[in-house]
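S.K.: Sequence:
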Amino acid sequence: MESFAAWFQEVLLPYGMWGILLLSAIDSSFIPMPAFIDLAVMGAAALSPHNAASYGAAAVIGSTTGVMIVYGLARSGRRATKSQGKRTAWAESFLKKHGALALLGSALMPAPFPFKMVVLAAGYLRQPLPSVIVGVGTGRVIRFGLEAFLAARYGEQIIATVQANGTLASLTMALLIIVGGLAFYRWQSSLEG
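If you want my numbering, it's the position in the sequence shown, counting the first as 1, plus 4.
None of these hints come from the bench; they were simulated from the model.
Even for Gly, the Cβ is constructed at its ideal location relative to N, Cα and C.
Each hint should be verified, as a subset may be incorrect.
[Unchecked claim] Computed spacing ranges between beta-carbons, pair by pair:
no.: 1; residue 1: TYR19; residue 2: LEU186; range: 12 to 22 Å
no.: 2; residue 1: GLY20; residue 2: TRP191; range: 34 to 44 Å
no.: 3; residue 1: ILE146; residue 2: LYS100; range: 22 to 32 Å
[As the list claims (entries may be wrong)] In silico lysine to any residue, SDA-like type, Cα no more than 20 Å apart, as pairs:
no.: 4; residue 1: LYS100; residue 2: PHE34
no.: 5; residue 1: LYS100; residue 2: ARG190
no.: 6; residue 1: LYS100; residue 2: PRO114
no.: 7; residue 1: LYS100; residue 2: LEU186
no.: 8; residue 1: LYS101; residue 2: LEU172
no.: 9; residue 1: LYS101; residue 2: PRO134
no.: 10; residue 1: LYS120; residue 2: VAL145
no.: 11; residue 1: LYS120; residue 2: MET72
no.: 12; residue 1: LYS100; residue 2: MET72
no.: 13; residue 1: LYS101; residue 2: ARG79
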């Protein structure tokens, strides 16, 4: 833990929110860095609590920008394919109706959840761009905002706890998101008929 904090303070912190913004854009588009952005946001917020909101916001903006690149590539790739069957039509209809919720849930999930695959599917199946931005943006605001808040409040202890219990934390988060998503889906279905 001390080595990460020392490295972070020496290499990334001088760039502050701009470094986090750039790295989160790269992470969400071309070069995956599992858990690195989470630790960067938490590390920056722990070392400079008064700037925690800026670090969280930079991660949200960078990540959402990176997602737009992947989404755009997948959307343009759809033009190159010739056939779209019944399953594609069903998936496209489902994403148009529930896509923002699916993206919100996947944006909250920690690594190794295949977040980029959900974004690729949204682009390929032409989910409306505003829905993608709202879903990803909301999920990332919750995720990075909570991380920045906890790190600013509890300091390096929260980072050590996350590193020591990463698998348990990931499974707990996944379970909560699945249960919450199912509850929301049932509630929404009951309103429709």
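S.K.: CA of LYS101 to CA of LEU172, is that 20 Å or under?
M.R.: 32 Å, violated
S.K.: Given the hinted pair LYS100 and MET72, is their alpha-carbon gap at most 20 Å?
M.R.: OK: LYS100 and MET72 at ~17 Å, within 20 Å.
S.K.: Assuming the hint says 22 to 32 Å, is it satisfied by the Cβ distance from ILE146 to LYS100 or not?
M.R.: 23 Å, holds
S.K.: CA of LYS100 to CA of LEU186, is that 20 Å or under?
M.R.: 18 Å, holds
S.K.: Would the pair LYS100 and ARG190 pass a check requiring their Cα atoms to be no farther apart than 20 Å?
M.R.: 17 Å, holds
S.K.: Run the distance test for LYS101 versus ARG79: straight-line Cα separation, threshold 20 Å.
M.R.: The given pair, whose Cα atoms are some 18 Å apart, holds under the 20 Å limit.
S.K.: Holds or violated: the 34 to 44 Å window for the beta-carbon distance between GLY20 and TRP191?
M.R.: For TRP191 against GLY20, whose Cβ atoms are near 41 Å apart, the range 34 to 44 Å holds.
S.K.: When you check the alpha-carbon spacing of LYS120 and VAL145, does it fall within 20 Å?
M.R.: 17 Å, holds
S.K.: Does PRO114 sit within 20 Å of LYS100, going by the straight-line distance between their CA atoms?
M.R.: Not OK: LYS100 and PRO114 at ~24 Å, beyond 20 Å, violated.
S.K.: Does the Cβ distance between TYR19 and LEU186 fall inside 12 to 22 Å?
M.R.: This hint is violated: roughly 41 Å between Cβ atoms.
S.K.: Quickly compare the C-alpha distance for LYS120 and MET72 to 20 Å and report which way the hint goes.
M.R.: Holds, at about 11 Å.
S.K.: For the pair supplied as a hint, LYS101 and PRO134, confirm whether the alpha-carbon distance does not exceed 20 Å.
M.R.: Judged against 20 Å, a Cα distance of about 13 Å means the pair holds.
Checked against the numbered hints given earlier, this structure breaks hints 1, 4, 6 and 8; the rest are met.
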